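Chain by chain, the residues:
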Amino acid sequence: MTRLFVAALIYVAGLASAPGVAIAANSVDAPDTMAERMKPCTICHGRDEKTGRDAYYPRIAGKPEGYLFNQLRNFRDGRRYYRPMALLLENLSDQYLRDMAHYFSTLKQPYPPPEPMASTPEEIKLARKLIDVGDAARKIPPCRECHGRELMGTQPFIPGLLGLPRAYMIAQFGAWRSGGLMRRQSMDCMSEIAKELTVKEANAVAAWLAAQPVPAHTGSGVGLSAEMSRRCNIAQLEEALP
Amino acid sequence: MKPSLFIVVSFLLTGLGVPPDLSSAPAVQEKAVSAAPAPQTGAKPVAKAAGAGLLEARGAYLARAGNCMGCHTAQGGRPYAGGRSLSTPFGTFVTPNITPDKTTGIGRWSADDFWKAMHEGKSRDGRPLYPAFPYTEYTKVTRQDSDAIFSHLQALPPVTQNNPPSRIKAPYNLQPLLSLWRTVYFKPGVYQAEPAKSAEWNRGAYLVQGLGHCSACHEERNPLTGTWSIEGGETLEGGQIMGSNWYAPALTSSLEAGLTEWPVEEIVQLLTTGVSPRATTSGPMAEVVRHSLQHLTKEDARAMAVYLKSLPESKPRPKANAPALTEQVRGWLQQGADIYKQHCQDCHGDLGQGVPGIYPPLAGNRSVTMTPPVNVIRSVLNGGYPPSTAGNQRPYGMPPFAQVLHDGEVALVLSYVRNAWGNRASLVTTAQVDRSREGMH
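Residue numbers (the numbering used here), protein chains in the order written: chain A, 1 to 242; chain B, 243 to 683.
Hint data in this document are derived by calculation from the structure and do not stem from the laboratory. Any given hint might turn out to be false.
Unchecked claim - Sample of chain B residues facing chain A (criterion: CB under 10 Å; computed from the structure):
#: 1; residue: 317
#: 2; residue: 419
#: 3; residue: 423
#: 4; residue: 524
#: 5; residue: 531
#: 6; residue: 625
#: 7; residue: 638
#: 8; residue: 639
#: 9; residue: 641
#: 10; residue: 645
#: 11; residue: 646
#: 12; residue: 650
Since we're looking at a predicted model, the values are computed, not measured. Just so it is clear, CB atoms sit at the ideal spot from N, CA and C, and this is done for glycine as well.
Please put together the full structure from these sequences, using the hints given.
Structure (structure tokens):
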């Protein structure tokens with residue numbers, strides 16, 4: 001009740017806007033930091049992954065800088081389609097997007113605990129084969145070849161696969177396959193690979209990855225094979241980095 | 243010193259040193275020359291004739307002032323290669339490729355052809371153009387400036403890119419109708435200086451009315467008996483921006499975005515950096531600042547500011563009244579105040595004071611109390627960053643709240659903000675919040 005009364009008082013004072021009844025404002029703190037500037041991002045991409053009404057918001061802290069920069073540009077320039085991100089980034093410079101990518105790539109935040117393993121032994125076997133060995137006949141490289149031995153990504157462009165929820169990865173597989181979310185991405189190797197995978201395989205891989213704990217030291221690997229660099233058009237990505 | 247560089251420098255000095263001529267066009271040209279970015283000119287290949295290089299550089303500057311690239315570039319596409327869709331009540335216009343490619347661009351055009359488009363609104367083959375291309379404003383551009391822009395465009399790398407045809411709805415696709423519209427509403431004519439006003443004011447008017455084509459958004463454009471109506475020419479009295487569901491506020495109204503009360507320095511700051519102590523640009527205006535206005539010389543930005551500040555107050559638009567403070571309304575506003583405290587107060591302050599230049603104040607902010615409330619609704623739903631500019635490279639931003647607040651909550655918090663700290667405006671309804679999503683690009 002007191003609160004209501006005070007609010008009403010402020011309100012009435014505001015209406016009257018007579019200098020005599022002015023109420024001193026508490027000053028707002030807006031520190032000159034990237035954390036303060038990134039508030040529009042962290043409302044969704046916080047410490048924990050979050051599921052909203054329309055989408056799942058993945059954690060972005062600690063992802064490779066080049067990967068984040070590339071995704072930010074893709075959102076801004078319409079190559080990866082998600083309207084809220086496009087609207088947010090539409091008038092920002094490459095340099096600012098680089099600063100953002102750098103900030104989030106160096107941000108250390110704890111990972112969520114792994115999801116409980118829900119797969120059958122056959123599904124686990126199927127997932128491990130694709131992750132460790134791949135399927136050369138269908139030109140599917142093992143996940144580890146690009147996403148790192150520890151599956152925690154490869155600097156500077158390839159994101160890690162652990163610490164992500166199963167539902168997010170399944171959605172991403174679907175997006176790569178249909179081309180709906182990631183239309184006209186310069187890097188289309190994942191699109192090729194996702195199209196080769198059956199739904200059963202993609203689901204098995206996502207379930208297995210989501211159930212793995214994130215290793216204690218979470219650094220990304222370095223380097224990509226010449227073959228995969230070519231398929232993923234890494235040269236084109238490198239041009240955009242400083 | 244290379245001769246070409248020397249000529250540039252001496253030209254620049256001439257441009258700066260010559261006292262402004264009040265007899266219109268020459269003053270305009272001198273100023274434009276002074277505006278040419280010198281380093282770019284200096285970097286041109288030596289084989290290029292110095293005069294041509296200079297003309298191109300001036301053209302590049304003027305093309306920025308006209309934001310040609312803004313429409314003639316698709317999202318993430320090659321600059322000037324066209325392909326951007328402009329949706330309007332008349333159909334969807336797809337902008338053409340204006341790089342000098344001979345088959346898909348304007349490589350076969352002459353300076354005369356280009357002038358005909360800019361000045362008369364006619365294509366190379368004589369067809370009348372639709373005013374989605376703002377020739378109703380560009381007609382005020384001088385021949386010299388048109389030639390400079392053409393020379394810049396012709397010096398661009400040609401891009402071979404065919405764009406899909408525009409899809410214009412019946413009956414607007416009938417040429418006679420377009421011709422009729424032109425007869426009624428379009429009068430070709432280069433800007434004529436007002437001798438009673440200063441050279442600075444005239445330069446500002448030339449830029450605002452011509453290349454700046456501010457009236458393309460800041461003026462109502464309605465389909466009226468099958469035609470496009472621009473009532474009364476250059477009025478800048480505000481209007482809904484076609485196809486984008488943003489309201490471009492009146493630049494002539496103290497209730498909207500009229501600038502009479504603003505110091506010239508703050509107007510310049512808003513135009514060139516995207517932020518100012520009292521206002522922050524968002525939506526289409528942020529785009530204009532990023533691609534066009536931030537590149538203006540100090541002199542040109544100031545000239546625009548001086549002209550905009552001088553615009554006379556227009557007749558107020560009809561607007562919905564602020565609510566009577568019944569028990570029920572107070573209850574709603576209290577609910578809005580609670581939402582404000584939880585989600586908005588950290589940045590905008592307990593009395594809506596904000597942090598000038600960083601988080602816009604909401605108390606006394608006309609974009610908050612304006613009718614219609616679509617802009618402020620969109621700001622809450624989508625958030626946004628003001629543009630990255632040389633003067634504000636890493637802007638602070640507003641988080642999107644569409645995924646946090648329901649439409650009803652957005653309506654409540656905005657109703658509160660529009661009626662707190664001295665603000666008075668109509669309540670925002672849930673339906674208005676929902677409708678603001680239409681046509682979102």
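How the hints compare with the structure:
no.	hint	in the structure
1	317	holds, 4 Å
2	419	violated, 34 Å
3	423	violated, 32 Å
4	524	holds, 9 Å
5	531	holds, 8 Å
6	625	holds, 5 Å
7	638	holds, 5 Å
8	639	holds, 4 Å
9	641	holds, 4 Å
10	645	holds, 4 Å
11	646	holds, 7 Å
12	650	violated, 14 Å
Going through the hint list in order, the structure does not satisfy hints 2, 3, 12.
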